[in-house]
Amino acid sequence: MTSTLETSNLTIRFGGHVAVNKVSCTFRPGELTAIVGPNGAGKTTYFNLISGQLRASEGRVLFDGTDLTKQSAPQRTRAGLGRAFQLTNLFPNLSVAENVRLAVQAHRGVHYDMLRPWMVRRDLIERADAILDSVALSSRRDVAATALSHGDQRKLEVALMMALEPKVFMFDEPTAGMSVDEVPVVLDLISKLKQDSSKIILLVEHKMDVVRSLADRIIVLHNGQLVADGKPEEVIASPIVQEAYLGIAPGRSAA
Amino acid sequence: MMILSGDRPRSRILSVLLLVIVVALAVTPFVFPGAKAMNVATKICIFAALVASYDLLLGYTGTVSFAHTMFFGIGSYAVAIALYAIGPSWGAVAAGLAIGLPLAALLALGIGLFSLRVEAIFFAMITLAVASAFLVLASQLSWLTGGEDGRSFTLPELLRPGTVFIPKNVLGTAITGRTLTYYIVLVGSAAMILGLLRVVNSPFGRVLQAIRENRFRAEALGFRTVFHLTYANCLAAVVAASAGALNALWLRYTGPDTTLSFAIMLDILLMVVIGGMGTIYGAVVGAAVFILAENYLQSLMGAASTAAADAGLPLLPGLLHPDRWLLWLGLLFIASVYFFPTGIVGRLREMARPQAEG
Ligand SMILES: Nc1ncnc2c1ncn2[C@@H]1O[C@H](COP(=O)(O)OP(=O)(O)OP(=O)(O)O)[C@@H](O)[C@H]1O
Ligand SMILES: [Mg+2]
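Order-wise, the sequence lines are chains L and A. Numbering (this note's numbering) for the first sequence: 1 to 255. Numbering (this note's numbering) for the second sequence: 1 to 358.
To be clear, the hints were calculated from the coordinates, so they are not data collected in a lab. The structure presented is a predicted model; accordingly, all values stated were derived computationally and were not measured. Do not take every clue at face value.
[What the hints assert, rightly or not] In silico contact screen, one side only, chain L against chain A (beta carbon under 7 Å); selected entries:
no., residue
1, A73
2, T77
3, R78
4, R83
5, N89
6, F91
7, L102
8, A103
9, Q105
10, V110
11, Y112
12, D113
13, W118
From the three backbone atoms N, C-alpha and C, an ideal C-beta is built for every residue, glycine too.
Generate the whole structure from the sequences, applying the supplied hints.
Pasting the structure below:
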């Protein structure tokens, strides 16, 4: 049971505002945990604390038995934490293929090679193309990332994380703003990932039907605090969720 | 095409333009053997390399540095002081390089690690401060640098103008130590530019572009961007210092005005912008256009002014008077930046692209 991800008493304050408040939680391989909560609950901030974009005011992040709390974002990525951002975060003027190729390059540890032309590394290009194929973006490979539709940008965002082949996948509302026909590609991808029992998957998602179909476990954040944690049916049925979360975004597929 | 690292000009006009520049530079000693033409051609070679190394920073990583002339000066002073102190020998040249290039790299490493962690503006301010301090230092340490007067020195025998290899007969020009020096400058500059082209098209260079586009995301992919930026800074510094060394060999002199002054920094900025940032080729085109304009605009205007006066035109003779050349140069720059915001190379490539993305 070494390769778990654990946060203990994880806390961050912005001035007087406590955005994430003493969150202790353990995530295990082979488990998809949905993180839900109203807007501003601290879900994205929690992710930022785990993947290193923000440093904790208190508490610790442990992964694979090592303490990551003091490590930088690049170090945590190399340790196996992968992140797809809520606000699309790409290399806007580089091509779609180049965006993914860079992620593959990072993952393969090709960081400071300055003596060979990049095209010589066919393996990186081919791997990037395979990943683009898996998110149905092959036809757009030579377009600048900024020229993609919103939905395609979300898919590219996910593709960058896939290219890193992480041990922990952190999806932050991967389907937000996507059109109905684009959503299944991403959901299929997540389902496929779930079949690999060595992966830890964290999914922030507002759509309750998505959560219900994918999650093995749900945790609820509210005002920065962990207020519920358990099996999907139990958590969804609990009064605190009904009030704090579903009250705001009623699940239309409740039946 | 591996000599260009797979990064071809991507515009027929640009290819022709580059070819014309390279061929013209290659034949200058035979076709335009005059002292002025030779000086202009040498300056184009040296500045093309210097500007290309600046493009590695500005165009590819998006960091603004004001210390580039300092590195240029370090290379220049190192060779000058070594030749002055040790005497005219190849050993002295080697000693100058052996001290100057690592010194430039170390200084760039220090500045980079210290200030590239944080926002880009901090790096810009630090480079400005360090470069100013260096300029003051170079003028004050007269015993070493010759102060404001700089250092004149004698070259190794092979490079001296008085050394004649082939007397006046090839196309009416003699091949002398001066010719050899010119070709050392030309080949050295070309090698540096091709080397930079390789670097920017390497996996490392691709990361630099990623950092320019979105540093936060590059970090999230696992790249430790401080190191990429710092290495780029060191590399740019070493190339600038090497260009400085070539400059010293050509001028047989090094002083604050020929290497360290902020006027040169401004020229570098203008050349990279006019040529086209983030292209390397832009450095060659920018240097050629700028230095030709700087040197020949005045005489061109003189001719135009006299012609206008002869034709009895009002106002024009005064406007075109050679003393107004700086005004016209300024206008030329404003116009070129306005009409070619992506530089000459950027514009030519846009024109050559079949059609824009729909
Ligand atoms: N860098 C920051 N500085 C100050 N306050 C911040 C910062 N980042 C987040 N916050 C605050 O922390 C709180 C939690 O924000 P967060 O983005 O984590 O919410 P969220 O649960 O992801 O919401 P949403 O569902 O809208 O994405 C908000 O009140 C936000 O304003
Ligand atoms: Mg969020």
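Going through the hints against the structure:
For A73 (chain L), the interface hint holds, since its Cβ comes within 7 Å of a Cβ in chain A; the closest pair sits about 5 Å apart. With a least beta-carbon distance of about 4 Å to chain A, the hint placing T77 (chain L) at the interface is held under the 7 Å criterion. Nearest Cβ of chain A to the Cβ of R78 (chain L): about 5 Å, under the 7 Å cut. The hint holds. Because the smallest distance between the Cβ of R83 (chain L) and any Cβ of chain A comes to about 6 Å, under 7 Å, the interface hint for this residue holds.
The beta carbon of N89 (chain L) is positioned within 7 Å of a beta carbon in chain A (closest approach about 5 Å), and the interface hint is therefore held. A distance limit of 7 Å between C-beta atoms decides the matter here; for F91 (chain L) the minimum to chain A is near 4 Å, and the interface restraint holds. For L102 (chain L), the interface hint holds, the least distance from its beta-carbon to any beta-carbon of chain A being 5 Å, beneath 7 Å. For A103 (chain L), the suggested interface contact is upheld, since its CB lies about 5 Å from the closest CB of chain A, less than 7 Å.
Restraint check, Q105 (chain L) versus chain A: the minimum CB separation of about 6 Å is within 7 Å; hint holds. Taken as an interface hint, V110 (chain L) checks out: its beta carbon lies about 5 Å from the nearest beta carbon of chain A, inside 7 Å. For Y112 (chain L), the interface hint holds, since its Cβ comes within 7 Å of a Cβ in chain A; the closest pair sits about 5 Å apart. At its closest, the beta carbon of D113 (chain L) sits 5 Å from a beta carbon of chain A; the interface hint therefore holds under the 7 Å criterion.
Taken as an interface hint, W118 (chain L) checks out: its beta carbon lies about 5 Å from the nearest beta carbon of chain A, inside 7 Å.
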